[in-house]
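Novice: Chains as they are written, first to last, in my numbering: chain A, 50 to 534; chain B, 1284 to 1406.
Don't take each hint at face value.
[Claimed, not checked] With the Cβ distance kept under 7 Å, some of the chain B side facing chain A (calculated, not the full set):
#1 K1316
#2 M1323
#3 I1327
#4 F1330
#5 K1384
#6 H1388
Since the hints were made in silico from the structure, they are not lab data. The C-beta atom is built at its ideal place from N, Cα and C for all residues, glycine as well.
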Amino acid sequence: MINYIPILNILILILFSFIIIIVKNNKKVKFISLASNIFVFFLSIILARKVLTQNIITLSLGDPNNLLGIEFLISKPEAVIGLIFTFVMVMILWYSNFYLEKEVSENRISFFYLLINILLASLLGVIYTNDLFNSYVFIEISTLSACGIIILKDKKENIKATIKYLIMSTIGSGLVLMAIAYIYSITGHLNISNIHEIIITNYQFHRNAVLIILGLFTVGLGIKSAVFPLHSWLPDAHSSAPTPASAVLSALVIKVYVFMLIKILFRMFSYEIVNSFIIMDIILLLGSMGMIFGSIMAIMQKELKRMVAYSSVAQMGYIVFGIGLGTISGTAIAIYHIIGHAVTKSSLFLISGLLIDKTGSKKIEDLKGIGKEMPFTLGLFTLGAFSMVGIPILPGFISKWYLSLTCIEVGRVPLILIILASSLLNVLYYFPIVINGYFGNDNLEGKIYKAKKIPFINLLPIILLVISMVVIGGMSYNLIGLFNI
Amino acid sequence: MDILLTNYFETGAIILFGVGFATLMLHRNLIKKIIGMNIMDTAIFLFFIAKGYIKGKEAPIITDSFKGVSNYINPVPSALMLTGIVVAVTTTAFALALTIKLHKHYNTVDLDIILRMRGDQND
Chain A
50 MINYIPILNI LILILFSFII IIVKNNKKVK FISLASNIFV FFLSIILARK VLTQNIITLS
110 LGDPNNLLGI EFLISKPEAV IGLIFTFVMV MILWYSNFYL EKEVSENRIS FFYLLINILL
170 ASLLGVIYTN DLFNSYVFIE ISTLSACGII ILKDKKENIK ATIKYLIMST IGSGLVLMAI
230 AYIYSITGHL NISNIHEIII TNYQFHRNAV LIILGLFTVG LGIKSAVFPL HSWLPDAHSS
290 APTPASAVLS ALVIKVYVFM LIKILFRMFS YEIVNSFIIM DIILLLGSMG MIFGSIMAIM
350 QKELKRMVAY SSVAQMGYIV FGIGLGTISG TAIAIYHIIG HAVTKSSLFL ISGLLIDKTG
410 SKKIEDLKGI GKEMPFTLGL FTLGAFSMVG IPILPGFISK WYLSLTCIEV GRVPLILIIL
470 ASSLLNVLYY FPIVINGYFG NDNLEGKIYK AKKIPFINLL PIILLVISMV VIGGMSYNLI
530 GLFNI
Chain B
1284 MDILLTNYFE TGAIILFGVG FATLMLHRNL IKKIIGMNIM DTAIFLFFIA KGYIKGKEAP
1344 IITDSFKGVS NYINPVPSAL MLTGIVVAVT TTAFALALTI KLHKHYNTVD LDIILRMRGD
1404 QND
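Here chain B stands alone, though its shape is the one from the complex (with noise of 0.2 Å):
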């Protein structure tokens, strides 16, 4: 329990990893899977973020002197996030055009109701 309060930034992604999980995969509805999607992601952005940082000290941006190594986080997980947060963000647009072109031909969002559709029934 005590290992679970200090490391609470994990303990928390952990967490939120779950719930986006869940969303993701026990929602029917379309809208909703894609926030669990992006609770997901986020989870797992703050975990890599949480890796790289360490209280007290500075983004690594020199603005008046160097300060030394020891007084900056380290800047590499942030980067890398900066990348999975893009990726993330074109997955969503992407998956939204998708569930707007599908609400064309299904009219419904429910995913259930779609996949016992046969596709080819009234094309």
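With the rest of the complex left out, here is chain A (with noise of 0.2 Å):
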């Protein structure tokens, strides 16, 4: 029974999702909703269980002897990715269930919902998955309801934005259905360990085929998952979309694109393959450029989503450098700063929705003296902040400590120079939010301590989320040995 688990999740969904249309209250939907994602939660946890004691769990659909391929693999990094990302859903859902009418007029919030449950099953579809083709078709659904997510709110700037997100996403699954349709060519199979036996003897006869589908994989995967010169369409649709809305969008949609590159890369073909070509450098190269452009763009903006949505690029350049330095070692650190980044940036955002919310403006200079009026939010921020800077025991700080180890133990130390440039170009946009936010006595003029106090309730998904952040970070050591891929 627990190895339909992969399969039932994704059918609760969808199906909950179907009836969610059906419902006209908006109070039913919310709590439909909720309680789908719980009972999704609930049975990801069983699923990572059983994993973690078993190693790997295959589920094959169709036929019983597998020739079409099709099938479903959990291992460990799977099973914790799919945890971590029920969880954060379900801590959205929650914030959303009070937040959602400020920005989402009252007919279109059943619409956010049943997108919502749609675009979990594709995610974890693509997670769950062991076959390209079916990779393909998850990756399509979830790109057309990440969008169906940020048109909700009916302004002309998310129709802008949804269009740039649209056609460039359509641009990247040209090119990753064209580098199926070129894998198919020279091995004839689908399945991901099928084609990872034939190309492991075979690749030598096709080393520029090989080339050609490894950068059509990695350009269409990139554009996708916003690797750096490909990620124009990211601050607009992030920053504009309704907030649970882009926390979903930063914290998991753009992760599992990047996950899959991984599967791809180090599953279907393998190290020894991927580190012959030229394409690991290249990949190093645009992480490295994305660890410092995506702070620097970050640090001009004037808005705080823009802001935060810029950094979501810069934490990207971490983990695709982490995939990028080619070793089993900086895969595990690209996977443990992929639930890391989900967890610190899904809060960090919601923050951020509050704190417009109660300011009224989305510029980051009228957040000055906001710790005077909201100190216990600004808290949360900070320890958000705190982590993608890198103060010690939070992710943000272990991926970047492991990074660099892992560096050294490659030989290329002066990348970690790189490390410490984007940490502390962190610091220059982070922290002027957080010290106008507490010191300064002309910023704490006039403000009311508390005076903008939001109900302990509403916080508690945020709080939540930053007792996760913390726990993720404590347990470092065991979660990065589980993800050897």
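These two chains come separately, so use the hints to put the complex back together.
Specialist: Right under this line is the structure:
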């Protein structure tokens, strides 16, 4: 029975999304969506417990002999990522239950929950699947539903951002499908494990084709996961979307594609094959550029949500950097950063939503003195910012520390300078908000202590996210040990 | 050159892919971008289906009697591309719907002009 949980997770979410369309009452819609997501979260816990003792679960769908290769494969990284993603989604839904009316009109609220359910189902599908064509279909579903949750806020800038996102990701999915066509033509399989067996013996005879496939996958999935020079759609889309949607997009959606890239590079090909091509150096270069330029562009932003969105570009740089090192430990840290950043960035976006709502302004400069009015909320923001900057124990520090160790391990010591520079740049855009919020006599003048207090129950999802962030930081040693692809 | 001519399906598909990709990247008009997107997808469908096609063989639908495995083409690519077509149609429909909305708000479908306008100027 436990073996069927992956497909159950996806089916439950899609089934409940169809129920949501029928239900007219917004309160019931919220309850159904939250309940189905909590159920999926508990199923993910059971699945993760099983996988941690048993290593790998495969579930082949369709034919029993697995001739077509349609199957789900859940090893430890998939199980943990699925667990964290469903947890973050439950917290975001809890938050949006009392927040969403502020940004989205009444008659569109049920669409948000409908799309969120489909989105989480497709994200879990991309994570679990071991079949290239299935992953393509899931990627397309997730892109369309992600576009849907951006456009819920019916403003001009949302439509502009959505069309930009849609066109960019269409290019990306076209390239991915072309890569799948190439790999099918040289191996005759679509199942990642079957392709691996064939390609590991034959890749010398198809070096050009393999290089083209690697390039197409990297660019195609890179566009969708906003790797540095291909990120131009991200800031618009993530900053204009309603806040819970921005949190979902920034914390979960872009991560899934980069995880797919990890599976393709290291599970479908192998470390040996990909390291014999120039592609890993290019990925490393893109990651380094993203870490630096993403932070520089974040410093120049004047709006809070735009700044947090650009910070996502920089953080994607860390993940891609970890992949580009081309070692088992580098990949493990990339996966660790995926979950660490999912928890941190979702809490940062949710807090920014509260801050923007209470001050009534999107601008960073209007947040001066907010620490006196909302001390506890800004305190949570500070913890998230500490993680981004790299204060010990928090996940951001752990990623940076282990990335540096891996750089030394592979003999590329100068790369540590890039990590250091990126951390310092992170300080430059996160700390002014915290410092201007808490300190400075002119900032605090005329502000009343706890004037804009938020009820504790509404802050609870964010508090849980921050606690889980600290726990993920504390358990880092055990977690990184699990993530070997 | 010979290789290109013998594999004329693949050559044609790659040329079409290039045409579609260039249209998608270089044109400013949104409708033309969507047309380019469709050409690109069609090129991939052609490429994929050509991989399963064997000259002179039938589609694997048994009408009178089973003629042996070697007399039929590979059905998997065709089946996959059926899904691919569905995905492409959905994306096109969504993109066209967005274009209508965009035209309502901005009175143009030229992406350059739209991107130059600040979104919150006349909200």
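Novice: I'd like to know which numbered hints this structure contradicts. Please list them from smallest to largest.
Specialist: none
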